Amino acid sequence: MKRILIVDDELLIRDILYDCFSSHDYQISMAESGEKALDILGKEKIDCILTDLKMPDMDGLELADRASEIVRKNVPVIVMTGFPSLESAIEALRKRVYDYFVKPFNINRIYSTVEKAIADVGGNHTDGSSDGQA
Amino acid sequence: MWEGITLMGAVMAKHKILVVDDELFVRELLEEYFSKLDFEVLVAGSGPAALKLVAENRFKVALIDLKMSDMDGIEVLRRIRDLDENLIVILMTGYPTVESSVEAMRIGAYDYVIKPFRLNELKDIISRAIKEHHIRCEISQIKSRLSVLEQKLAALTNDSAPADSVGKKRSAAVAATPGGYTRSQVVSEADLNIESQLERWGKLLKEGLVTQQEFEANKNRILSAV
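Protein chains in written order, with my numbering: chain A, -13 to 120; chain B, 347 to 572.
In case anyone wonders, no lab produced these hints; they're calculated from the structure. Please read these numbers as outputs of a predicted model, since none were measured by experiment. Careful, some of the hints might be misleading.
Label pairs and their calculated CB-CB ranges [said to hold, decoys possible]:
id, chain 1, residue 1, chain 2, residue 2, range
1, B, K398, A, E30, 45 to 55 Å
2, B, K398, A, I56, 39 to 49 Å
3, A, I56, B, I481, 16 to 26 Å
4, A, K102, B, C483, 48 to 58 Å
5, A, L(-2), B, S542, 28 to 38 Å
6, A, M(-13), B, E496, 20 to 30 Å
7, B, E402, A, K89, 17 to 27 Å
8, B, K461, A, S98, 31 to 41 Å
Glycine is no exception: its CB is placed at the ideal position from the N, C-alpha and C atoms.
Build out the structure end to end from the sequences listed, making use of the hints.
This is the structure:
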């Protein structure tokens, strides 16, 4: 089963996304801050990160950077923001973020983008059954 | 370090780049600047002309204007993907927007550069893009090699021995040393390349000297190390 990490300091957004992905048979981890998200990434195998851009402790792009240092393989990162800007969109492109959503977003589009991201980027690492065998 | 790789791998071949812009001034400026830096530069004044050049040449990087009259840069990039999946595309625009930069991200642009730009900054972006192109080409080669290996493995495993005879055959073979296989022979593979490792495990499976489970475990281990 695929596991998604939802990171947002707004409880309402976390709840909406939780309802969406749990109804599609996803395992879900949630964090209300970047630090907590990094903590989860160190412990759990995550297939996709869906993160808010603007959070008090660290922004979603910094989280994307630091996540790539923690996880062994490439995990797609999708950012969401209520405050879109050209600078952050270009920075997201340069950091190879998978997608950039402006709030309020269409929840079905988020879901289909996560599915596509896992298939595209995570295709070579979702088979956890072979990990660690030697 | 990159220069070294270039010298060894491409026998000092120039990096070939494509400049696409409907403004003559921009084409001339970039052609002159990058030619002086020893790049091989081809230019196109429209999307269709650019696609023709991509079909006929092997470029490492394409610099494409976003807003052109006949076909915009996003559409050019979309069509380029069918012609050359490894080509690195940098979009340039004098009219940047969040929407177009996100669209550029979605279709796999390497960078999104706002005009007017500093030429030395563009040069740095192109240098990084050429390294990225090198990595993409290597990944493509590894993927196609893996695909061939998977096909070979599928062919080998299709006519493998039934599971219930595996134990007997293996015992017989180990007992037959030094002529037969021993456990140490089976696992001492450190200096074999991936292809020969996989072929060897496939052969062992075919001869009934390892179980299907052992074969799968080792196949996954070897492939995950690539």
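Structure-based check of each hint:
1. B:K398 <-> A:E30: 45 to 55 Å: At 49 Å between Cβs, range holds.
2. B:K398 <-> A:I56: 39 to 49 Å: holds, 45 Å
3. A:I56 <-> B:I481: 16 to 26 Å: Once the Cβ atoms are compared, 22 Å apart, the range 16 to 26 Å for B:I481 and A:I56 holds.
4. A:K102 <-> B:C483: 48 to 58 Å: Since A:K102 and B:C483 have Cβ atoms about 25 Å apart, the given range 48 to 58 Å is violated.
5. A:L(-2) <-> B:S542: 28 to 38 Å: Distance hint for A:L(-2), B:S542 is violated at roughly 57 Å.
6. A:M(-13) <-> B:E496: 20 to 30 Å: About 25 Å separates the Cβ atoms of A:M(-13) and B:E496, which means 20 to 30 Å holds.
7. B:E402 <-> A:K89: 17 to 27 Å: violated, 45 Å
8. B:K461 <-> A:S98: 31 to 41 Å: Check passed, 34 Å falls within 31 to 41 Å.
Violation of the numbered hints given earlier is confined to hints 4, 5, 7; the remaining hints are satisfied by the structure.
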